[in-house]
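Fit chain X to the known structure of chain Z by using the hints.
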Amino acid sequence: MTSRSRSGKRRRGESVNSLLANETLRAIALFVASLALFLIFWEVGANMKWFAKGMPTASKTLEELWWWVTHPFFDNGPNDLGIGWNLLISLRRVAIGYTAASLIAVPLGVLIGISPVAYKAFNPYVQLLKPISPLAWLPLGLYIFRDSEQTGVFIILISSMWPTLVNTAFGVANVSPEYLDVTKTLGASRFRTIFKVIIPAALPNIVSGLRISMGIAWLVIVAAEMLLGTGLGYFIWNEWNNLYIPNILVAIFIIGIVGLLLDSIFASFERFVSFGRKS
Amino acid sequence: MMDVTAVNGTMPKPGYLESAQLSIRNVTKVFPGKKGLFNRITRQTSRDFLAIEDINLDIEPNTFVTIIGPSGCGKSTLLNMVAGLSFPTSGDLILNNQPITGPGPDRGMVFQTYALMPWMTVEDNIRFAVETVYPRMSLQQQRRIVKEHIQLVGLSGAEKKHPHELSGGMRQRVGIARALAIDPQILLMDEPFGALDALTRGFLQDEVERIWEQKRKTVIMITHSIDEALLLSDRIVMMTRGPAARIDEVLDVPFGRPRQREVIEQLPAYHELKAEMERHLFRETRAVEEARVLAK
Numbered sequence: 001m002t003s004r005s006r007s008g009k010r011r012r013g014e015s016v017n018s019l020l021a022n023e024t025l026r027a028i029a030l031f032v033a034s035l036a037l038f039l040i041f042w043e044v045g046a047n048m049k050w051f052a053k054g055m056p057t058a059s060k061t062l063e064e065l066w067w068w069v070t071h072p073f074f075d076n077g078p079n080d081l082g083i084g085w086n087l088l089i090s091l092r093r094v095a096i097g098y099t100a101a102s103l104i105a106v107p108l109g110v111l112i113g114i115s116p117v118a119y120k121a122f123n124p125y126v127q128l129l130k131p132i133s134p135l136a137w138l139p140l141g142l143y144i145f146r147d148s149e150q151t152g153v154f155i156i157l158i159s160s161m162w163p164t165l166v167n168t169a170f171g172v173a174n175v176s177p178e179y180l181d182v183t184k185t186l187g188a189s190r191f192r193t194i195f196k197v198i199i200p201a202a203l204p205n206i207v208s209g210l211r212i213s214m215g216i217a218w219l220v221i222v223a224a225e226m227l228l229g230t231g232l233g234y235f236i237w238n239e240w241n242n243l244y245i246p247n248i249l250v251a252i253f254i255i256g257i258v259g260l261l262l263d264s265i266f267a268s269f270e271r272f273v274s275f276g277r278k279s
Numbered sequence: 280m281m282d283v284t285a286v287n288g289t290m291p292k293p294g295y296l297e298s299a300q301l302s303i304r305n306v307t308k309v310f311p312g313k314k315g316l317f318n319r320i321t322r323q324t325s326r327d328f329l330a331i332e333d334i335n336l337d338i339e340p341n342t343f344v345t346i347i348g349p350s351g352c353g354k355s356t357l358l359n360m361v362a363g364l365s366f367p368t369s370g371d372l373i374l375n376n377q378p379i380t381g382p383g384p385d386r387g388m389v390f391q392t393y394a395l396m397p398w399m400t401v402e403d404n405i406r407f408a409v410e411t412v413y414p415r416m417s418l419q420q421q422r423r424i425v426k427e428h429i430q431l432v433g434l435s436g437a438e439k440k441h442p443h444e445l446s447g448g449m450r451q452r453v454g455i456a457r458a459l460a461i462d463p464q465i466l467l468m469d470e471p472f473g474a475l476d477a478l479t480r481g482f483l484q485d486e487v488e489r490i491w492e493q494k495r496k497t498v499i500m501i502t503h504s505i506d507e508a509l510l511l512s513d514r515i516v517m518m519t520r521g522p523a524a525r526i527d528e529v530l531d532v533p534f535g536r537p538r539q540r541e542v543i544e545q546l547p548a549y550h551e552l553k554a555e556m557e558r559h560l561f562r563e564t565r566a567v568e569e570a571r572v573l574a575k
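Taken in order, these protein sequences are the chains called Z and X.
So in our numbering, spot 265 of the first sequence is number 265, and the numbers just go up one at a time.
For any residue, its number in our numbering is found by taking its place in the second sequence, counting from 1, and adding 279.
Here chain Z stands alone, though its shape is the one from the complex (with noise of 0.2 Å):
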């Protein structure tokens, strides 16, 4: 009686703010006071002259962002490029060179999982190569294939692969031996083991070694592109020369905008194969 009459009180007390009672609405709430603050901040500390020499006001940077957003596709020549074009050629590189890093690193993975010895093996070299800067590589990929598209792709490729492949490795050796007990009293075939228990067990660690890797592939290709002529690491790389400051923010909100779908695209895959286990 006294527990019925307390959560009826406590529930008129809700309903009289419960706009902010949801956990939801508060987060929401503070976001948007948040932002409303750093954008106040920053207009009057740029018209004030707080910051750096030449820094563009927040109504001067988002006007700018508002026209290359309505005006993606335009193209007047490789340093006149819309951002739209640019977005489009970052994103093919990184396909490109990421789609082939996941062809590899996902057998591969597979491969060196299944067998305790090959794992122990191979583990050195994942390491030593894991740590590696993409940059680093760039040089390297220049000089074979003397070409920056290919480059780029390249350096996406062996940046983007180690992730994916560290965690279908992990994945497939850590199966529940209970799942392998299974199929082995059932009598399964190597194959169907592999391909009916293992990989599908496996797949949760594998789809987040591929978000990761995916994470990785987008941070690399602006920092590659400021060396190889188009896409948005270019754009950055050429706004930079024209000393343009709001282009450059622009592009910065753009890259992060874009890798945060990307990465949400693959956190709902995440959720998608993880049949309440944890991730």
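I should point out that these hints are in silico values taken from the structure, not numbers from a laboratory.
Any given hint could be a false lead.
[Unchecked claim] Pairs of lysine-lysine, DSSO-like flavour, derived with a Cα cap of 30 Å:
#1 LYS313/X - LYS184/Z
#2 LYS496/X - LYS184/Z
#3 LYS440/X - LYS496/X
#4 LYS184/Z - LYS494/X
#5 LYS426/X - LYS184/Z
#6 LYS439/X - LYS494/X
#7 LYS439/X - LYS496/X
#8 LYS426/X - LYS440/X
#9 LYS313/X - LYS120/Z
#10 LYS314/X - LYS120/Z
#11 LYS184/Z - LYS120/Z
#12 LYS184/Z - LYS440/X
#13 LYS426/X - LYS494/X
#14 LYS439/X - LYS184/Z
[As the list claims (entries may be wrong)] Ranges between beta-carbon positions, derived for each pair:
#15 PHE191/Z - ILE320/X: 34 to 40 Å
#16 MET416/X - LEU260/Z: 46 to 52 Å
#17 GLY473/X - PRO107/Z: 36 to 42 Å
#18 ASP476/X - LYS120/Z: 37 to 43 Å
#19 LEU103/Z - GLY312/X: 42 to 48 Å
#20 LYS120/Z - ALA554/X: 37 to 43 Å
#21 LYS314/X - LEU227/Z: 55 to 61 Å
#22 ASP485/X - PHE195/Z: 16 to 22 Å
[Said to hold, decoys possible] To give an idea of the interface, some chain Z residues facing chain X are shown, with a C-beta separation under 7 Å as derived from the structure:
#23 GLU178
#24 VAL182
#25 LYS184
#26 LEU186
#27 ALA188
#28 PRO200
#29 PHE275
#30 GLY276
Predicted model only: the values in this text are computed from it and were never measured.
A virtual CB, placed ideally from N, CA and C, is assigned to each residue, including glycine.
For chain X alone, kept in the frame of chain Z given last:
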């Protein structure tokens, strides 16, 4: 070592019955320690572990046999050897006059933690087993077998659900359906209700009793529960504590079938058997605990 057949009062021939479906003869299992050169260099050596020693047991067709004993006594080790997932260090396991050389679909296994594939629906989990064991069977017949077994364990309506959407009890029903769907000769159950709460456990025990009356397959079940053993089994194998666990005694459970919990609990024999098992289990468990205290 106590002679099993002598306990049964049948044949004096040591540890061997002609009518047995499964014979476990002088089985010993030693888990080898790490003592190779590499281990000695890295100073990570360990001693051999004698899990079970000289086990003899004959199991006749269509009997429900329960193995009970203190934890760590090698019950699961013995069951895994019958399943063919591990092998005895010495001795023989003989199924239908053929030595067991590995796992096979003539033995269906029910796991304590269900071991259902999370990415497969209830239906797919069972179909995976049927497809694996009978790859040449027509799809129609596979579907029929799957449906039949889903009905048998009372899961009709949950066919399209994934394991994470089911309760523990329902998951184990799927585990039992999967093991039975391949039509094994022997059903092996490794503490099948160990992860369930008491009420679900009792409910599922009644279900297993009902299913057993329909199928009458040979069952070997591991359990910690005295009441569970008395409700379900024809014979109860009591093991001593490990290491070097042996069979202490084999009890015959004389109650008629089908059994009902409320009915058999009224019988005087029930209480005598229960008291005897409790004495055994308490003695062994106390010894295990004392050994642990001394080890520390």
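Structure-based check of all given hints:
no. : hint                            : in the structure
1   : LYS313/X - LYS184/Z             : 26 Å, holds
2   : LYS496/X - LYS184/Z             : 21 Å, holds
3   : LYS440/X - LYS496/X             : 28 Å, holds
4   : LYS184/Z - LYS494/X             : 24 Å, holds
5   : LYS426/X - LYS184/Z             : 24 Å, holds
6   : LYS439/X - LYS494/X             : 26 Å, holds
7   : LYS439/X - LYS496/X             : 28 Å, holds
8   : LYS426/X - LYS440/X             : 14 Å, holds
9   : LYS313/X - LYS120/Z             : 19 Å, holds
10  : LYS314/X - LYS120/Z             : 21 Å, holds
11  : LYS184/Z - LYS120/Z             : 25 Å, holds
12  : LYS184/Z - LYS440/X             : 25 Å, holds
13  : LYS426/X - LYS494/X             : 16 Å, holds
14  : LYS439/X - LYS184/Z             : 25 Å, holds
15  : PHE191/Z - ILE320/X: 34 to 40 Å : 39 Å, holds
16  : MET416/X - LEU260/Z: 46 to 52 Å : 49 Å, holds
17  : GLY473/X - PRO107/Z: 36 to 42 Å : 39 Å, holds
18  : ASP476/X - LYS120/Z: 37 to 43 Å : 42 Å, holds
19  : LEU103/Z - GLY312/X: 42 to 48 Å : 44 Å, holds
20  : LYS120/Z - ALA554/X: 37 to 43 Å : 54 Å, violated
21  : LYS314/X - LEU227/Z: 55 to 61 Å : 58 Å, holds
22  : ASP485/X - PHE195/Z: 16 to 22 Å : 39 Å, violated
23  : GLU178                          : 4 Å, holds
24  : VAL182                          : 5 Å, holds
25  : LYS184                          : 5 Å, holds
26  : LEU186                          : 4 Å, holds
27  : ALA188                          : 5 Å, holds
28  : PRO200                          : 5 Å, holds
29  : PHE275                          : 4 Å, holds
30  : GLY276                          : 3 Å, holds
Hint violations for this structure: numbers 20 and 22, all remaining hints satisfied.
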